[in-house]
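Student: Hey, can you piece these two chains together into the complex? The hints should help.
Chains G and P are the protein sequences, given in the same order.
Residues 92 to 519 (this note's numbering) are what the first sequence spells out, left to right.
Residues 36 to 211 (this note's numbering) are what the second sequence spells out, left to right.
Derived by calculation from the structure, the hints in this document are not laboratory data.
All clues stand as given, with none of them false.
Within a straight-line C-alpha distance of at most 27 angstroms, the following computed BS3-like cross-link-like pairs (lysine-lysine) qualify:
(1) P:LYS51 x G:LYS282
(2) G:LYS282 x G:LYS301
(3) G:LYS282 x P:LYS40
(4) G:LYS257 x P:LYS51
(5) P:LYS51 x G:LYS301
(6) G:LYS146 x G:LYS301
(7) P:LYS51 x G:LYS213
(8) G:LYS131 x G:LYS257
(9) G:LYS213 x G:LYS127
(10) G:LYS444 x G:LYS282
(11) P:LYS40 x P:LYS111
(12) P:LYS40 x P:LYS51
(13) P:LYS111 x P:LYS164
(14) G:LYS213 x G:LYS146
(15) G:LYS213 x G:LYS131
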Amino acid sequence: MSNLQSGNGHTHILLRHRDIPDIDNLDVYRENGGFKVFEKVVTTMEPGEVTEIVKASGLRGRGGAGFPTGLKWSFIDEHNWPHYVVANADESEPGTFKDREIMEGNPYQFLEGIAICAYAIKANAAYIYLRGEFWQIAERLDSHIEALEMDSILGTDLFGTDYSLKIYTHLGAGAYICGEETALLESMEGKLGQPRLRPPFPPSYGLFGKPTVVNNVETLANVPPIIENGAEWYQAIGTGKSTGPKVFSLSGRVVHPGNYELPLGTTFRELIFEHGGGIPDGRSIKAIMAAGASSALIVADEKALDTPMDYESVPDLGAQLGSASIIVIDDSIDIPWLVNKTAHFFSHESCGKCTPCREGTYWMMKLTERIVSGSGTQDDVALLHDVASQVQTKCLCALGEFAIEPVLSGIERFPADFEAVTKGKDIS
Amino acid sequence: MLAEKYSQEINNIIEKYPPEERRAAVMPLLHLVQRDQLVIDRASMGEVAEILGITTTEVASIVGFYSLYYDQPGGKYRIQVCTDLPCALRGADQFMEQLCHRLGIEPGGTTRDGLFTIEPVMCLAACDKAPMFQLQSGEGIEYHENQTVENALSLIESLRAQVAHKGGHHRRDENE
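In isolation and in its complexed conformation, chain P is listed as follows (with noise of 0.2 angstroms):
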């Protein structure tokens, strides 16, 4: 199914790198599987393995080693707030705290309409730019900085409407 999908996308990937060592395309190739899914299912890593002649445990064990692969579903939409150290002395734990209660979930929980799991991640990189998180979905991540409790709301708002002015769809749910 994703080789069919992306045969295109999956060639480019593999000719960045010498032909014997294709297995370095496993990487990019789970970014592709989870930006199309938002999560990376046994059928997936099975598939990626296949692609690239290696096994699916193989690929498993780097899909539960690097923290931005997912094998269980979240909300449509991470909410990845950044309460390291030097974040943290601009608020950033307060930040979290208020947000997650005023969405009336627990850190590391989903809100009831399934679009949005709010939590905690390590240092981001943008740590004069605090309270900060990066926004993860099917289009990729996107940084928001200089966060307010009222700005973050006010995204999930909009990207909650905007969730239903397409019928509840994600937009590449609809291709399938």
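Here chain G stands alone, though its shape is the one from the complex (with noise of 0.2 angstroms):
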């Protein structure tokens, strides 16, 4: 592993804002290095070329699926025209928010990653989805591409080639399924944000049906560091098949909560008691959701705590990396009630086009509901585990997925929680 960063002083690659002061003023970007590599590969390079070395780097989405981006941009129709990038600002999980510090803090180098994108994929535009709540950044990105188009580094023509590029902002307006991202695409068209069938995918059936590459805002300020200094480079930060850094979001029962970049497979142990200053008010750990609100629960044992925080090792323990928000739960909290926390959330944010997802989180919350308020019985705890075993497998996107990966491992792997709160209740 790379002794590359972070939090202790030492050099960031994407929370550069920490390093260097008013690096959201474009002069400052400049000054060090800003759009140096976008005006390199336009003159330069192949698009081809570039996609090459993003593969080649290993980047995977940091959005949560971790897809092979490179590959992404590889899949891009050449037979059909116009191509679009569309980047995935709508960030939305419960625990994350690592995209909204990038883009505030270091605007630009999502914007110069932006625009490597659309000449990889020989784009002409570019959209950036935000989530409505992100009114005041969208304002302030709209000025950082003014200032861009000013310098001449958006527009036509650009850098004496004959490659033009606009970036433009959209506002979205409140809904957890837009960060899915055909829903995205279809909310972006002035449609209700429901998922699409797939295939087709985005990069042959993307925005109004051209094709199209939706990248989430951290894999994008991923990509400028990456042409700089190469692929190689970039591999041997993280773990063989986890490479590069990553923005962690730590948040929940933990001392410091925040964004911490560290390299994929740094431990679990260390993100949570080095960086996060471990559990407050003396109590103990007890489980881990290291996706979100959309994780399975990880029952926080020595050997979690030891595991790598990489695509590959989290599965090891029944779970998933995700968008690696790294919720804290300690012993003073019940799992049922955590249960109906989540499942409160995304009864609320199924979008209701798959009866399974829209069902079966409506009755999860109202089964936690009866649970936690001490009416529910054990038959209650089966019938739960009942209904989110039928979502499974049976929606058009993940999110009806998410939403059983706490109820089925709470239940399972803290029945006691469960049978804590049910006691007595049998009504046999």
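Tutor: Structure, rendered in structure tokens:
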């Protein structure tokens, strides 16, 4: 593992605003090498070469799915035009707040990533889809884009070539589902944010039915340093199949919640206890959710704490890394209460298109309400498990799958918590 | 009315999208309406529909689907407290409860002067700075993080004073 970074005064690759004051000012960003990579790419490289470097770097999507970014770019349909880049800035997963910090603190690196991606897939227009609550961020991005146009870094005939690029912001209006890429595209087109049946995937049928690459904010922010320093440099950070730095959003019962940029493969223990300062109030750690509310609950034993946070190791704990939004649960928390919180969230956010998810999330919410209120029985717990199991693999997108993760893992891995709250309540 | 008052803004919005994809402008146009009126009524939905060449029903379905659009009036200011899991682990439920108690309203309710609606909302991507809320008004959306009930109450008082100072009229209303 690289000795790279972070939190301790070392150099950040993504959260560079923590090392360089005012990097959200275009002049400062350019003084620190900003947009030299984009210029080099446009003036000296073929689009395909750019994609090859990203592919070789091993960069995987930071929004949660972990799909190889360069591979996604290479899928773009060359027989259908125009092409689009859409940056997914809908950041709505409970526990995730990394894209917001990147866009607020180091916005030009994100914009440069969009620009390089656009060149690589031969797009002349890119949209940033921000959740509606990011109103102020959108206004600031608009003024950053304007500054880039003033400096002729965006616009027509860039750097003396015939390449042109415009970037636009677009505000959503409060819908978690729009973080799912096809729901996001529907929403951008002015429709209800509901997922599409796939295939076709966005690189062949995306925005306005045109080939589109949808990438997360953090993913795109990785692109300029990859092109600048090369694939080998990037591969040296992180682990074999999970390369590069990652911004871990740490929240919940921890002394120092916040974003921590660390190499993929850092252990839970290092993040939670070294960087996060451990558990407050003399409590001990009980469970970890690694992918925000969409996580299976990991029993926080010694083995789990020593597990590297990468795309390969977390599944060994019966969970996923996802967007690496680490929610820490201490021993003061009752798991049925937690499961009710997440069930309530997913019930509110289900778009309603697929019946198993729409109905399943609703009934999971109602059942967990009854269990938490103390009037539930073990039969209700069994029914809850049954309802959750029936949602599995039956929906167009992952929302339903996410919704059942805390429910099933909660019941299976923390049975005592459910027994405690239903004790002596069996009707029979 | 909308078309006259905001012709420049409307053009700027529509120009972001390909001419044959005008419908993509529906969400930004609805944001514009709501910023102006704090609520999206039938007449405005009709107007947006006309600008974009879609039906009022289609516009109404968008308003109904997305939680940031309101077709029912609320307080002039909406204080929207995130009570999702990470915030709840840092006391957001108690914050919400105490704030409502001090204002003498139920969650989702509006203060008697009609100025403040306090409501729970889903995750706002500020989990490390809970308790937190967003303040939504005709001016846009503003985050208030690492809050205490006292902080929130003093913000409410200062907004009240501001409104009283302006004679009870909203800034934008004065132009009408």
